[in-house]
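Assemble the whole structure, with the sequences as input and the hints as a guide.
The listed protein sequences correspond, in order, to chains A and B. Counting from 1, one number per residue, gives the positions in the first sequence under our numbering. Counting from 1001, one number per residue, gives the positions in the second sequence under our numbering.
Don't read these hints as lab results, they were simulated from the structure. What you are looking at is a predicted structure, and each value in this text was computed from that prediction instead of being measured. Among the hints, erroneous ones may be present.
As the list claims (entries may be wrong) - Restraint ranges, calculated between C-beta atoms of paired labels, are given here:
hint : chain 1 : residue 1 : chain 2 : residue 2 : range
1    : A       : Asn181    : B       : Ile1091   : 34 to 44 Å
2    : B       : Ile1091   : A       : Asp73     : 20 to 30 Å
3    : A       : Tyr240    : B       : His1021   : 50 to 60 Å
4    : A       : Asn303    : B       : Ile1091   : 25 to 35 Å
Said to hold, decoys possible - Here are some of the chain A residues that sit facing chain B, going by a computed Cβ distance under 8 Å:
hint : residue
5    : Glu23
6    : Ser56
7    : Val78
8    : Phe342
Said to hold, decoys possible - Rough simulated footprint, nothing fancy, chain B against chain A, three-plus residues with beta-carbon under 8 Å:
hint : segment
9    : 27–35
10   : 330–341
Glycine residues also receive a C-beta, built at the ideal position from the N, C-alpha and C atoms.
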Amino acid sequence: MEWVEGFLKKDKRQQAFDDAWKEIPPYPGFSVAKKAYREITQWQGKEMRNLGRCISAVLASALRNLDSSQYHDFKSPVKCVSALVDFSLMAQYRSHTPDTLSYMESYLQTLHRTKDIFLKFRTSKATRTQADRQDWQLRELMANQRAKEVHHRTVANHRRQADQERVKRSDRRKDLIRGENHFNFIKMHYLTHFASHVRRFGTISMDSTEIGELAHKDQIKDGYRRSNKNDAARQILSQYGRQHALGMRLQTIEALSKVKGVIVAAESGMEMPAFSSHSTPRRVLKGRMKNTSTLTELCTTLNIHYSDMMQEILRFTRQTAADDRWLPADPTELGLLAVQGFAQPEIPVANLQETDRFQIHRARCTGTKAFRTGGPRKH
Amino acid sequence: MARLLALFTIRNILSEAEAVHRLAFVCILNPANSGRFHIASGHIPLGRRVNGRDMQIFSIGAVIGQAQVIPSWERQWIVNHRIDLRTFNEIY
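Shown next as structure tokens:
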């Protein structure tokens, strides 16, 4: 993020980035940042994940309205950031194919090909100190040389020489920084091993260290609390072992029920219908609106033109087959029908590669107003 | 892609069955730039429909999920397809 900040600062695009950052709408599983990105001093794991999910779009939005001279300069950073985000997203897949692995490798190649644009923003504190020291030494040297010169100089000459010295010092500083900055750090190198790791050991999400951090509470702290504090280690291990075995058993039963739809008792041969807890949830409408019992009232509440609404309902009715037509085609009759307005649909969306798990998308219906009773939208 | 303007159920009290139907009144957003994605970032720009009717009625069943759009140019947005794995996999 520091690299991106440096880039935006250099090209005076910080304000545009801030504006786009503030306009990020909510999304299921994504927490909208409450602060401006520059105000966040320390990025936590969750914030970093959130940032990764929106940085590419926000950056693309910030680097808009380009002229032809800027286009080439601004293409590389967007490409670099997008490649990194794409790589991290694809690394989160729960199963891989040779195609997905080749995609990962190509993203990494793009990242390495385009990352040089950020090289100048990777100056460490040590390099800056070294550059300052070099600058100071050069200044001293030049002052000494100037003092040794005996002949008298005009003011114009003096100014010209001072300018030349400043340019020389600046060039030397740039050379030093260019020579010292690099991308040879371990986190950058790790990425090259991701694809080979998947080929050898399977998906990367299995090795997430987050699970280990969470396990500290479930496996150790809870186990310790349940023990009699006497030889606690042994009791913690046996408690966790029991829980784990039961958990595995439940998962096996669930998997068997999904395959056949029935559970067969091993010895008796009796079959019982399986209850699947993962049936597809229905779409639910929530947030009943007041004073929306007719179409006219609904349109007034949401500030929508009644004629537009009526026209579209009639068109929709005409599209359905004559036998299935369930709404009157007469506008007067339509106006008499009972209506109830809602603010929020809950739409179940299956997770990628986990079709038995659903994420509930809670869209907001705010009419012509913006989210959270804000003013009207720009368009 | 569309913006949800109104969400309502309508009961045909004039018929015997009194069937209830769930409808959504939406404002259609069309892919801008002839649907070509941005070369560097891969994002798809959206804009309001300029010709033809931009409002439509759909059954709630046609709504398949939420999308995150970020304002870009004037009256244009870009679809953030990197917001979750599913969207990334489907749009990419």
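Going through the hints against the structure:
1. A:Asn181 x B:Ile1091: 34 to 44 Å: At 35 Å between Cβs, range holds.
2. B:Ile1091 x A:Asp73: 20 to 30 Å: holds, 27 Å
3. A:Tyr240 x B:His1021: 50 to 60 Å: Roughly 53 Å apart at Cβ, these two residues keep to the hinted range, so it holds.
4. A:Asn303 x B:Ile1091: 25 to 35 Å: holds, 32 Å
5. Glu23: It holds, given that the least Cβ distance between A:Glu23 and chain B is near 5 Å, below 8 Å.
6. Ser56: Cβ of A:Ser56 sits 6 Å from chain B, so the hint holds.
7. Val78: holds, 4 Å
8. Phe342: holds, 5 Å
9. 27–35: Since three or more residues must qualify, the claim that chain B covers the segment 27–35 of chain A holds, with 4 doing so at under 8 Å.
10. 330–341: With 7 residues in contact (Cβ-Cβ under 8 Å with chain B), the coverage given for the segment 330–341 of chain A holds.
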